[in-house]
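The task is simple: from the sequences and hints, build the whole structure.
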Amino acid sequence: MGLASQEAINQFKALMDQVDEPLKKTFKLTKHCLLSLQNVHQGYIVETLERFLKAREGNVAKAHKMLVDSLQWRLQNGIDDILAKPIIPANFYRGVRDSQLIGVSGYTREGLPVFAIGAGLSTFDKASIHYYVQSHIQINEYRDRVILPAATKKNGRYIGKCVKVLDMSGLKLSALNQIKLLTTISTIDDLNYPEKTITYYIVNVPYVFSACWKVVKPLLQERTKLKVQVLQGGGRDELLKIMDYPSLPHFCRREGSGSGSGSGSSRHSDGGCYSLDHPFHQELYSYMKQQSGCREPIEPAKQGSVHVDVALGKPEEAELCKTLESELKKLRNQKSLSGSLKNMKISD
1 MGLASQEAIN
11 QFKALMDQVD
21 EPLKKTFKLT
31 KHCLLSLQNV
41 HQGYIVETLE
51 RFLKAREGNV
61 AKAHKMLVDS
71 LQWRLQNGID
81 DILAKPIIPA
91 NFYRGVRDSQ
101 LIGVSGYTRE
111 GLPVFAIGAG
121 LSTFDKASIH
131 YYVQSHIQIN
141 EYRDRVILPA
151 ATKKNGRYIG
161 KCVKVLDMSG
171 LKLSALNQIK
181 LLTTISTIDD
191 LNYPEKTITY
201 YIVNVPYVFS
211 ACWKVVKPLL
221 QERTKLKVQV
231 LQGGGRDELL
241 KIMDYPSLPH
251 FCRREGSGSG
261 SGSGSSRHSD
271 GGCYSLDHPF
281 HQELYSYMKQ
291 QSGCREPIEP
301 AKQGSVHVDV
311 ALGKPEEAEL
321 CKTLESELKK
331 LRNQKSLSGS
341 LKNMKISD
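Heads up: the sequence shown is residues 1 to 348, going by full-length UniProt numbering.
Each hint should be verified, as a subset may be incorrect.
[What the hints assert, rightly or not] No farther apart than 27 Å at their CA atoms in a straight line, the calculated lysine-lysine pairs in the DSS-like style are these:
no. : residue 1 : residue 2
1   : 54        : 196
2   : 196       : 180
3   : 153       : 13
4   : 196       : 85
5   : 65        : 153
6   : 13        : 54
7   : 153       : 25
8   : 227       : 62
Just so you know, the hints here were simulated from the structure itself, not pulled from any lab data. Note that the coordinates shown come from a computational prediction; the quantities given were computed from them, not determined experimentally.
Spelled out as structure tokens, the structure:
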């Protein structure tokens, strides 16, 4: 049964049986193009309830509220249909992909998909924040509806999580200008896709990382911080303990990958998976276009982002934002940064 007790699961199920029909529908079943898509749990109800319970430290009432709030968010923002709304035209979407660097490089030996993320080189400067949020949610939904179910079928056992490897090559303090976008994406994941990532590996760490981490760390849930592991250099040796070489992200394969500033060429070199031309993104974009074609056309497709509302923060989070702004000002006023990563601990 995992971390949650059978009694907690039964209580949670009983509460979910009492929710309104529209919420039951988005939780259980949505039909698209004659394909039945159980968009939230994919047929693994107990495992889904366990994820939300873990996100709320086993408190059934809080986990129930979290799941109901998430289902309402899905209904209000049309998340069940978001994979039928590709970002168009394709050349505009290519700009989004070239500035929001993410892809799937392969799978761990346990069958978990490996998401490679170019955190240091992502610029988020080719479109409005709404497009990047839309794209992030679409990748989340594609992961949950297509990639993870396929991995489950291939491995003959439930695969419900992934591994993420974040490349910090090229990271600069100017990346903190995107703090609003990063906060929005982090909030969406925390509230609506809890416990979908088993570990966050951070590689190719430059000296400015410790300063950036000071600012970003307060945005993360405690359970997320505990999953973060900073690896030496490109992390190749450590990652090869859990995956085979072909599944390594391209930025981990180089001998002596270290904490240099990196360059834009690492986005697509050595089989990089960020590009729209990579099979992962080709399959994702084709899937979205196919889903779009299956919908009954209300009006001709046109360029425009999907605006997704994000839950407003608690009062204490307003104070956090002020603190972050203060820290940013301090960092920007510094003429130089110094420090060593040798004794750095993520939990500090």
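Evaluated hints:
1. 54 x 196: holds, 11 Å
2. 196 x 180: holds, 22 Å
3. 153 x 13: OK: residue 153 and residue 13 at ~25 Å, within 27 Å.
4. 196 x 85: holds, 23 Å
5. 65 x 153: violated, 31 Å
6. 13 x 54: Roughly 15 Å separates the two Cα atoms, so the pair holds.
7. 153 x 25: With Cα atoms ~24 Å apart, residue 153 and residue 25 stay inside 27 Å; holds.
8. 227 x 62: holds, 22 Å
In terms of the numbered hints stated before, the structure departs from hint 5 and from no other.
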